[in-house]
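K.L.:
Taking the numbering used here, the leading residue of the sequence shown gets 1, the next gets one more, and so forth.
Hint data in this document are derived by calculation from the structure and do not stem from the laboratory.
A few of these clues could be false.
Label pairs and their calculated CB-CB ranges [as the list claims (entries may be wrong)]:
1) I439 <-> L62: 41 to 49 angstroms
2) C459 <-> K236: 53 to 61 angstroms
3) C49 <-> S156: 26 to 34 angstroms
4) H66 <-> S188: 38 to 46 angstroms
5) W541 <-> R491: 36 to 44 angstroms
6) P632 <-> K55: 53 to 61 angstroms
Think about it this way: if two alpha-carbon atoms lie no more than 25 angstroms apart in a straight line, the pair counts; the simulated BS3-like pairs of lysine-lysine are [claimed, not checked]:
7) K442 <-> K479
8) K261 <-> K318
9) K217 <-> K179
10) K79 <-> K179
11) K164 <-> K179
12) K79 <-> K137
13) K236 <-> K138
For every residue, glycine included, the Cβ atom is placed at its ideal position computed from N, Cα and C.
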Amino acid sequence: MDTTISPMYKISTHEHPLFFSAMFIERKCDGCHVIGIMYGSYFCNEAYCNCRFHKVCAESPLEINHHPSHPEHPLLLTKMSPAEDGTPCDFCGQEILSTCYNCSTCKFKVDLICGTKPSPSVIEQPVCHDHTLVFFKKQILKEDQVTCEICKESISGPSYSCRKCNNVYFHLDCVHISKEVDHPCHSSHPLKIMTSESLIDDDDAQKSCCFCFVQPKKVIYHCSICNFTLCLGCTKRPPLPVVDDAKTHTHPLTLFSSKIKFTCKVAGMEIDSYESYICLKCDFVVSVYSVGIPRIININRHDHRISFTHHLGYKGAKCGICRESVSQYYGAYSCSICPNYVVHSGCAADFDIWDGVELEGIPETSEDIAPFKVMGDNLIRHFSHDKHSLLFLKDYDMVGDDYERYQCEACISPIGFGPVYSCQACRFVLHEKCAYFPIKKKLVFGPSPYKLENQDVHCSSISEPFVHNGHLHPLYFLKTTEIRNCNACRRDRDGYILTCSACNFDLCLYCATLPENIWHISDEHPLTIYYGGKEATSKNWCEVCEMELDSSKWFFICSDCGVTLHVGCVLGDFSRLTPNCSIPFEGREYLAILNCQNSRPFCRHCHDRCTAPVILQYKDDDEQNEYICSIPCLLSQFGS
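Hey, can you work out the whole structure from these sequences and the hints?
P.N.:
In structure tokens form, the structure reads like this:
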């Protein structure tokens, strides 16, 4: 078995070695900066770099002699300095980004594409037009922009033009497109170019591209016999007819150009599309987007490395990302340390989840992520407060007005109940659980680990599976564009939520991190959060705003005297802002401050006394302090 991911490849314009990958991914090439699907590419395996290059861009020659636009001197492949970025290409007029061919004698520069594949100045017999076409540099003025005769999109860069026909222009990569093409993805019949509008009245017509699934707005290639459609981009960049990648399969794989319904051997998912490769020697079929996936990776949903296996071998497992079943008969990722943790290969290789680094052949190292050092019995020295040691207090109970004056330096929540770590020399206090947050942590919000800093850590404190007293089952992260209703606050949410698919229970991240117990000025006893529900039929009134409570929503209640309060009335809108942090809004700077003075200030907008624990302060035109108690009051100042 190989011990390295692939042979290293070094280019002069990138500081790190590159490795070849057979993966089919949609990315921007860091050489030519063209965005599209890469069918095989060179990638940088350094963390936080994530550069990728088309194979032809990475293998560009170091020197070009006798370039048609500058034959007198050689052109050298050069990485431009940041100050030079945006310099126009002397051949096409487009801005050069990062990489170019440069003449050291004449300061002549051309971009990567114009250096390796310069467009001819004249095309005598173009496939797209009946007359000779002439090359034009980038259009400079917006009013000079014209429309390409092929794709019907505007041209803002270099183009070809017909001198015999008025206002006939073509993009450089459209000029070689004919009205009818034979495409490797559809070898049965030729594809004919047509407008997208011509398929509108046909309900059964394939209007979106069969490869990238995008529905072109203006022009498509279509086979009316097979109802097969390609966008112009996928027509220009067809997938490889044969892929030979040992990570995917032991034999070469051949592109299958007909639509079939199959279960991908690598992803373990049922697919109904044209995007497949088959092995002509054995029973193996795979989606094009499962070709070349890495063997060992890190993902943001698990603390250990996970490894790809072609045959999972045991049943009943659920994917650690999408929570759907993982078939025992197909490929998947698993963890050697956590025997029950598996992930669909398609879920794991998502660049929102995987950091893009392939770990095969790279030794695993342990990193010290401990946030503190033990200094003695019940004493620690925390990285965020290295001036003094912190003393562990098991049953810390802040009473009286002190609960308003002391906040946890990590989560910004009031210190009202123990256990905590407290500095005996100053007012620095941490909840015990906050003191144990690691220096680095994988979070679902990005593929790379996050570093702990001295600020609000509410959402980053959530780990999967998330156990909450407000629901019977563990909750898992879900990123969704669909509007979901939070069972705690009954507000519509999208983006990241916590969910229990078995109970159709959703919890927004704000409600998931609400304190279960809290002090408030309106009651001498601690308040406990009540998880609401239909069974709470009796009417309750908020002690602060004197409005009726919705019993289906979560609220705070005093078990001693029965006082009830809205969550918003207890915490306020600014409770998770770090005290003394500056908030710019509508041209004015606001300061988040603790509302813990003996006299509560009046709100500048609603004119009521501010009751929230954190409020905003700003200076008016006369340099007098003014205060804002809530987001509605903040917005109402500007008529929002």
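K.L.:
Determine for every hint whether it applies to the structure shown.
P.N.:
Consistency of the hints with the structure:
Restraint check, I439 to L62: a C-beta distance of roughly 42 angstroms satisfies the suggested window 41 to 49 angstroms. The hinted range of 53 to 61 angstroms is not satisfied by C459 and K236, whose Cβ atoms lie roughly 42 angstroms apart. Checked against the hint of 26 to 34 angstroms, the pair C49 and S156 passes, with Cβ atoms roughly 30 angstroms apart. Between H66 and S188 the C-beta distance comes to about 43 angstroms, which sits within the given range of 38 to 46 angstroms.
For the pair W541 and R491, the beta carbons lie near 21 angstroms from each other, so the given range of 36 to 44 angstroms is not met. With their beta carbons about 56 angstroms apart, P632 and K55 fall inside the hinted range of 53 to 61 angstroms. Between K442 and K479 the alpha-carbon distance is near 16 angstroms, which keeps this suggested pair within the 25 angstroms criterion. Pair hint K261 plus K318 holds up; C-alpha atoms about 23 angstroms apart against a cutoff of 25 angstroms.
Pair hint K217 plus K179 holds up; C-alpha atoms about 18 angstroms apart against a cutoff of 25 angstroms. Between K79 and K179 the alpha-carbon distance is near 39 angstroms, which puts this suggested pair outside the 25 angstroms criterion. A hinted pair counts as satisfied when its Cα atoms are at most 25 angstroms apart, and K164 with K179 qualifies at roughly 20 angstroms. Under the criterion of a C-alpha separation no larger than 25 angstroms, the hint pairing K79 with K137 is consistent with the structure, at around 23 angstroms.
Distance restraint check for K236 and K138: the Cα-Cα separation of roughly 21 angstroms lies within the 25 angstroms cut-off, and the hinted pair is therefore satisfied.
Violated hints, in rising order: 2, 5 and 10; the structure is consistent with all others.
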